[in-house]
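Chemist: Sequences are here, hints too, so could you generate the full structure?
Converting from the sequence shown to our numbering requires adding 187 to each position, the first position being numbered 1.
Calculated from the structure, these hints are not laboratory results. Note that the structure is a prediction, hence the values are computed from the model and not measured. Think of the CB as a built atom: it goes at the ideal place given N, C-alpha and C, for glycine as much as any other residue. Honestly, I wouldn't trust all of these hints.
Listed below are the simulated DSSO-like cross-link pairs for lysine-lysine, each with C-alpha atoms no more than 30 Å apart in a straight line [stated by the list, open to error]:
1) K388 with K260
2) K388 with K355
3) K330 with K388
4) K392 with K330
5) K260 with K392
6) K291 with K388
7) K330 with K260
8) K291 with K330
9) K355 with K392
10) K330 with K355
What follows is a set of in silico ranges between Cβ atoms, one per label pair, in the way DEER data are often shown [unchecked claim]:
11) K355 with D398: 15 to 25 Å
12) K355 with R228: 20 to 30 Å
13) D399 with S294: 38 to 48 Å
14) F212 with Q403: 39 to 49 Å
15) L225 with E334: 26 to 36 Å
16) G246 with F352: 39 to 49 Å
17) L231 with R354: 32 to 42 Å
18) A255 with D276: 15 to 25 Å
19) A255 with R391: 14 to 24 Å
20) H213 with E362: 25 to 35 Å
21) G407 with V295: 30 to 40 Å
22) G356 with D383: 14 to 24 Å
23) D399 with A357: 17 to 27 Å
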Amino acid sequence: MERARVLVIEDEEPIRVGLCDVLAFHGMDPEPVGDGELGLRAALDGDHALLVVDVMLPGLDGFSITRAVRERKPSVPILLLTAKGAEADVLQGFAAGADDYVTKPFSVAQLMARIRALLRRGGASARQRFVVADATIDADALKLATERGEVDLSPRDVALLAYLFERKGAVVAREELLREVWGYARTDRVETRCIDMHLSKLRRKVAAVTDDELVQTVRGAGYRVP
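Modeler: So this is what it looks like as structure tokens:
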């Protein structure tokens, strides 16, 4: 089986080395970089299954790296790793295009669970096609297509649409989505607006090819695919 290549952009050497050792121990192929600008170059030039990016970096911060990668590689999963845990920073990370966000100090078990979840969403386990309204979602190619054209989706976009599609017509609570799609074991400490922000970006993205509302927000209850 091919080892998943994981780019680790982290300027603190003990954390960078330790994280790469953990990834290698768990059967992955880590590539360490200690500078923001060099990290962005490696992310754009390389073929990685996942990016683990610290926010506070010399040269270029993690938010800027995430935005730049999203413009060129909309489907690669990105996990932000940082000491910042304030709500504004978490929301900024998701707004930049991150798929997940872990704050230091973190447990290795929790971090590896998040990494495995992101790799599953971006990997072969999600291979399928399904139709929502007038749009066909290709989970393998990470594409959404209508008669008007197609747009790129992120692994999180596909995971969210697929989870709601499997429960078509039913209202799914925010807490359930945070557990099952975002991978949080506990939801009482998570800012639930990250779902609204993600959906807002997804709606803007697909508006170029469809006028249908693919995901409905049910105020005070959750979300559903009609």
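Chemist: All hints are to be evaluated individually against the structure, with a verdict given for each.
Modeler: Evaluation of the provided hints:
With a CA separation close to 16 Å, the supplied pair K388 and K260 stays within the 30 Å bound. For the given pair, K388 sits about 21 Å from K355 by alpha-carbon distance, which is consistent with the 30 Å threshold. Distance check on the hinted pair: K330 and K388 sit about 15 Å apart at the alpha-carbon level, within 30 Å; holds. For the given pair, K392 sits about 11 Å from K330 by alpha-carbon distance, which is consistent with the 30 Å threshold.
Using a Cα cut-off of 30 Å, the hinted pair K260 and K392 holds, with the two alpha carbons roughly 15 Å apart. For a cut-off of 30 Å, the pair hint linking K291 to K388 stands: about 27 Å separates their Cα positions. A hinted pair counts as satisfied when its Cα atoms are at most 30 Å apart, and K330 with K260 qualifies at roughly 13 Å. Restraint check for K291 and K330: not satisfied, since their Cα atoms lie roughly 34 Å apart, outside the 30 Å limit.
Annotation: proposed proximity of K355 to K392 holds, straight-line Cα distance about 21 Å (limit 30 Å). The suggested pairing of K330 with K355 holds, with an alpha-carbon distance near 20 Å, which does not exceed 30 Å. Between K355 and D398 the beta carbons are some 20 Å apart, a value that agrees with the proposed interval 15 to 25 Å. Under the hint 20 to 30 Å, the C-beta atoms of K355 and R228, about 43 Å apart, miss the expected range.
Between D399 and S294 the beta carbons are some 42 Å apart, a value that agrees with the proposed interval 38 to 48 Å. Look at F212 against Q403: about 43 Å separates their beta carbons, and that is inside 39 to 49 Å. A C-beta distance of roughly 43 Å is found between L225 and E334, which places it outside the suggested range of 26 to 36 Å. Distance hint check: the CB atoms of G246 and F352 are about 41 Å apart, consistent with the given range 39 to 49 Å.
L231 and R354 have their C-beta atoms about 37 Å apart, which keeps the hinted 32 to 42 Å range intact. Distance hint check for A255 and D276: the Cβ-Cβ separation is about 18 Å, which falls inside the suggested range of 15 to 25 Å. In this structure the hint that A255 and R391 lie 14 to 24 Å apart at CB holds, the actual value being about 19 Å. With their beta carbons about 29 Å apart, H213 and E362 fall inside the hinted range of 25 to 35 Å.
Remark: the range hint 30 to 40 Å for G407 to V295 is upheld by a beta-carbon distance near 37 Å. Range check, G356 to D383: Cβ separation about 21 Å, and the 14 to 24 Å hint holds. Range check, D399 to A357: Cβ separation about 19 Å, and the 17 to 27 Å hint holds.
Of the numbered hints stated above, those contradicted by the structure are hints 8, 12, 15, listed in ascending order.
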